[in-house]
Amino acid sequence: MDARRLRALSGAACIVGVDESDEIGTLPGKSQLTLHVEAIHNALRDAGLSVRDVDGVFTAGQHSPATIAEAIGVVPRHVDGTTVGGCSFIILVGHAMLALHHGLCDVAVVSHGESGRSGVGVSPRRDTALPDQFETPYGFGGAPTYFSLITTRHMHEHGTTLEQWAQVAVSTRRWAALNPKAKLRDPITVEDVLASRPVVWPFNVLNICLVTDAGGAVVLTRPDRARDCAKRPVHVKGAGEAAEHVMITQMRDLTFSEATRRAGETAFAMAGVGPRDFDHVMLYDAFTSGPPIMLESLGFCRPGEGVHFFEEGRSTPGGTLPINTNGGGLSYTHSGMYGIFPIIEAVRQLRGECGERQVPGARLSLVNGMGGMLSAAGTLVLSSEP
Amino acid sequence: MEPDRPVPRITPEARPYWDGAREGRLVIPRCRACGAAFMYPRVACPSCGSRDVGWIEASGRGRLHSFAIAHQILNRAFKAKPPVILAMVELEEGPRLLTNLVNAPADPAALRCDMPVRVVFQTLTAEVTLPVFEPAGGA
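If you read the protein sequences in the order shown, they are chains A and B.
Everything in the first sequence is counted per our numbering, starting at 4 for the first residue and increasing by one.
Everything in the second sequence is counted per our numbering, starting at 3 for the first residue and increasing by one.
No lab work stands behind these hints, which were simulated from the structure alone.
By construction, the Cβ of each residue, glycine as well, lies at the ideal position given by its N, Cα and C atoms.
Keep in mind that a hint or two might mislead.
Covered stretches of chain A (chain B as the covering partner; in silico rule of three or more C-beta atoms under 8 Å from a C-beta of chain B) [stated by the list, open to error]:
1) 131-137
2) 248-255
These stretches of chain B come out as covered by chain A in the derived footprint (C-beta under 8 Å, 3 or more residues) [what the hints assert, rightly or not]:
3) 55-69
4) 97-105
Next up, chain A with everything else stripped away, as it sits in the complex (with noise of 0.2 Å):
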């Protein structure tokens, strides 16, 4: 890894517009294709920006990017659908970047929409063919039977509980809680995640995302154009990803996740900043054990003790290091792949437009996800300052 070289393309593009679908929850009037086209319009109003403006389209899911341009009627130079999981949309944005960065597109657009609850419009999954021979004849399928796994070994490397795993179901929903927009905002006690429905042990049903449908989009254009948009940029300083494995069985360590360490270094080399420097972290939380091993992985602390980030208040609101402040996955919105949506948040807290959940003084953000089991990862270093 060469850092001067990642150096050269910190700052390269801003975020200049994002916004969520014009409803997101339960909506089964809605295609999952409409909550994408709904979800680029508002984030380009969103930027003073019109379709017509769009000649990059990044995406990732079951539509490809030809889908999306046709959808919304344009003809894009630069097209993209990598898909590795949830984290795709937090990869595209780095991807984005280098595009807008070489001239390969002036205005890009990442988009996701996903009818993950109604399944309205939804085509079927692809990469089955191995789980289908070694993995669902036990019973496993759906996220919750894989993500156990790792949650298990992790409490017995480390001595984790299910009360640490429970207060970051419990500080998520704090911030939910000062959420408009957030689907289940009452709060809730160690206690209740804890005597909460079994689904798999060691998750009760609170230690799992919910299950929605939504869209949400970002748009990104070079720092010489982004002042012409209606708001204040958002400076992405840094982006990394990586790709370690699908099967959960090839994962090297499965309490501590590679591809998220790699792409955490990527894009903290390309920023030039370290875990220290961040004011505000957004974390993929598909389940409640996901956030504390991502601190890990990306280096915030030593394997172990990521859940004492939730269980000392430091997450909360009001805390030293504010974690998922839209309510996250667990308690705002999870379509399934969720990764859209911790960058949306992240860019109106560096905007300043998060009201009564607003972190004061927010001005770097980082962004990480994850796709599949911690089996992809995404790294965004965001900044309000160029």
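Starting from the structure of chain A, add chain B where the hints point.
Same frame as chain A, now just chain B:
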């Protein structure tokens, strides 16, 4: 009898694994160049990249690397009654498999990571037998 769970769709590369299981043997790929045994079956060694891959009969002994207890199964084709112990076993030879732990209580207090296990075979259809694992006793 109708199988109580989804039947694996066997790929050509994995045929010796499933043929072995049907005969009550755990047969896994091993690289002839670097000696690494691995799963799932592939035509190139994931450790060293060699295309010289053969097959060995594994001992059937291993350790419970991790586990989970499913109180509900989302896949409707899976009809075996929950709770089901979902298991990742690390074979003595190195590779890890997803499987079930059987002949053991579905109680986290009675199970621990790294406990010794051994393979047993469950006939699913005339063609497919599933390797599953049971506690092997001892430390």
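Verification of the hints:
| no. | hint | in the structure |
| --- | --- | --- |
| 1 | 131-137 | holds (count 5) |
| 2 | 248-255 | holds (count 4) |
| 3 | 55-69 | holds (count 3) |
| 4 | 97-105 | holds (count 6) |
Every hint, counting from the list given before, is met by this structure.
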